[in-house]
Amino acid sequence: MFKNLFNKLMPAVPACGLHTTAVLSEVRLLSRLRVVDNSEIGKRAMAEGKPPKIICVYNKRRVGFIGDRVMVAIKGQKKKGILVGLKQTQKVKVPKFDSNNVVLIDDNGTPLGTRIHVPVPTILRTILKERTHSKGADYTKLLGIATSRGDDMVAADERRRGAARRPGAPAPARGSGTRPGLRRPPAPGGGGTTAHWVCPTQHYILSTK
Amino acid sequence: MANSSLKLLCSSLNKLKINYIMQRQNSRYQPPRYRPPHWFVPKERVMTDEMLTQENRQFLEEVRQDKMNVQTALESPLSNSEPVATTQWDPFTRRVGLIARKIGNYPLWSKDGKRFQTTLLQVVDNHVIKYIPPEEFNPMVVKKPVWKEKKRLGALLVGSETIDPTIVTKEYCGLFDSVGMLPKRHLCRFMVSPHAALPTGTPLTATHFRRISRCNEALGIQRYACIPWCHQDSQETWQHSWRVLRGVKILRINTKHNVLWVLGVGIPGETGAMCYMFDTVLPLRKHKTAPPFPTHLPTDDLPLEYYDESIHPFEEPTISFEED
Amino acid sequence: MALAIRRTTTDLFTAAKWFARRDCRFLSSLPEKAEETAEEAPKRPGRRSSSRNPALEFRHVYPEFLPDPNPKWRNSLREKLERADMLKRRNQIDIPEFYVGSILAVTIADPHAQGKINRFVGICIERKGCGLRAEFILRNVIDHQGIEVRYELYDPTIQRIQVLRLEKRLDDKLYYLRDALPEYSTFPVDMDPEILPEGTPVPLNPVQVKLKPRPWLERWERQELKGVSNIEEHLKEKDRVRRELRKTPWEKYDLMKQYRKTIPEEDQNEIWGEVYNQLHQLQITRKKTYRKRTLSTPKPQLG
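Going down the list, the sequences are from chains A, B and C. Under the numbering used here, the first residue of the first sequence is numbered 1, with each subsequent residue one higher. Under the numbering used here, the first residue of the second sequence is numbered 210, with each subsequent residue one higher. Under the numbering used here, the first residue of the third sequence is numbered 534, with each subsequent residue one higher.
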């Protein structure tokens, strides 16, 4: 009795010769990402079911974190992008998303699309500001096309409480060097216009609103 | 039946390749290469079951209590002597350190909203036991042989955590009796400049490191078992290794319980381990202005908590950031 | 965590007999429900309720006051200081009672955001940590994107924690919502707080969530989840067989394991004895402000 139990619990030859860590959900070389802006190339790639794959992470560690620039291969072309949302467990107060999101940009930091239809973490602002000064390309332009960030919840709250008390004026443009003043386009009711596409990592279809 | 199952256990464990672990540990194992200092005496004694009557036990208990009360009631001899007698502090004097016990970790937040992990160190019942002036002080192991010629620093023996005299050997108690103190669990020798010497029986508190954000060193004991499959019951056979952590920052001091909050979780030792703390010698983090010298006098009207400027105390209202 | 209470030795013997008859009820973190006490009443009339300290109920409401049961890290002075700090923070901001499954709105002072304030609404899927390290995770689906944010309860940058819907769920951790259909995690950002009448027990939401087809993030079939309805239809024969092999039915009889995971009743009595008065005071002030707010602020007229 003892022998059997013992052999089961501590086999002489271990069943699996590997040590594994917990799931890290890191974004690195050849990871597939979800494009969250409305650029043509992005929309077509996601619609076909061939999401972009990372071919380079511009980082010492070669592991992508929020705000990192990456080079992706999308529809046979090489494009640069910025990671705006990760599945990886983040620090406290930094949001964690259910998919790894990327916004396509060109070499100057100008986004290829005109709208980002998912929320974007506010910590991007600080990260991109730092990056902008060092490299010479302006990465903060993509914040201008983001429709909702965390603080947009506050805007929704204020609207609910009554626009009469406080005029729903957009935030004053803050002049700060090279960065243009941020326009705050009015947040759409439910979500931006999204095309039908199937994301291979999540088995559900987004519908237009 | 027991034998056969033991055999089975041993054979299965052999298959798990225990030898590999033993070799690895052995290669790191270095026998301690020191001679104990001249004031070192064996501490623990073999406890026999003494046949004491109930009255005798009670009497011993009373005597112990009386002695404890006398010791705690004893005021710091420093408070009696005039402060003029002590010399001024200069950046090269070394003053005494503290023996603290690590009691745990918990987070503190800064005024920017950043979180730091801090370690709590409690200074338990530190008293100065003896001062050995530089002429008499003759340590066995000296790193720099030049030092022996130019003997400039004396040694101050500090003890922490009073314990029951019945548990320890007579010789160990004798160390303390000669100066009129109850025995302590831990002893440490601190190198001090002669004019930083303190009289015996001076209690040392956490406010010794009163100037917040002045860093200090921590020298801690890290214990690990050397050979896992030996029959080891007492902690004495555990290997000790000293780890020195330099330039550690103090964030908060509680004067009621004598607790220091120190930045970082890398303080050597597990919870309940002792560590010795001194003023730091790192040039950028040394004291620039005079700290409480030779030590801080315990007065009644101290604020309960001292905080570093960067730390947000929990009593203050919620942090909010202003718009640019 | 330390939600159940350690039994005294006499109870341990009776518990051993008790196991044979029913499931391990005291592993459950739910307070004794009405039908349970009615069942137990003929067996042990009134013994439990009289011997227990009423402050012990706080172990469900404020679980972070109980320290980590690992004896290596326990130290009474440090725990006292930590509790004192927690109470000081609670004096500054009202940290309400909530459970896993409640919907919260958290406003924080964010140095990165425009306007420096950031508000997030979501369902609490997890609550972990002891003392000042207590954390919780809120989940919501915004613009068809699932978002989870981790917050620390005692973070001084948190300006307000508002409970929009106070309820409990069938499970302790709701990680399966990540693999469930998005409608179960979607909550409107401008939700109004739902007010429960005073004195009502915390409602239990018996909703059974439908999962998306596989692949899943974890093997939900191997965890005994009560809040999921359609696991079986997504399983293959191989999964069912493996699940049977992996089952550990002896674990519920492992009293020492349970003992090591909890704080004994004597220690808990001490802890709650220290903090009960202040917490009770805070509860009373919270109720008063709640009442004032509901009476004075009229609902804004729409349109």
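Hints should not be assumed to be uniformly reliable.
[Stated by the list, open to error] Residues of chain B clear of chain C, computed beta-carbon distances all greater than 10 Å:
| id | residue |
| --- | --- |
| 1 | Leu218 |
| 2 | Leu261 |
| 3 | Asn278 |
| 4 | Gly313 |
| 5 | Leu329 |
| 6 | Arg361 |
| 7 | Thr375 |
| 8 | Ile376 |
| 9 | Pro408 |
| 10 | Leu454 |
| 11 | His466 |
| 12 | Thr527 |
[Claimed, not checked] Covered stretches of chain C (chain B as the covering partner; in silico rule of three or more C-beta atoms under 8 Å from a C-beta of chain B):
| id | region |
| --- | --- |
| 13 | 622–632 |
| 14 | 661–667 |
| 15 | 686–696 |
| 16 | 777–783 |
No lab work stands behind these hints, which were simulated from the structure alone. Note that beta-carbon positions come from the ideal geometry of N, C-alpha and C, so glycine has one too.
ask   = If you check each hint against the structure, which ones fail?
value = Structure breaks hints 4, 5, 11, 12 and 16.
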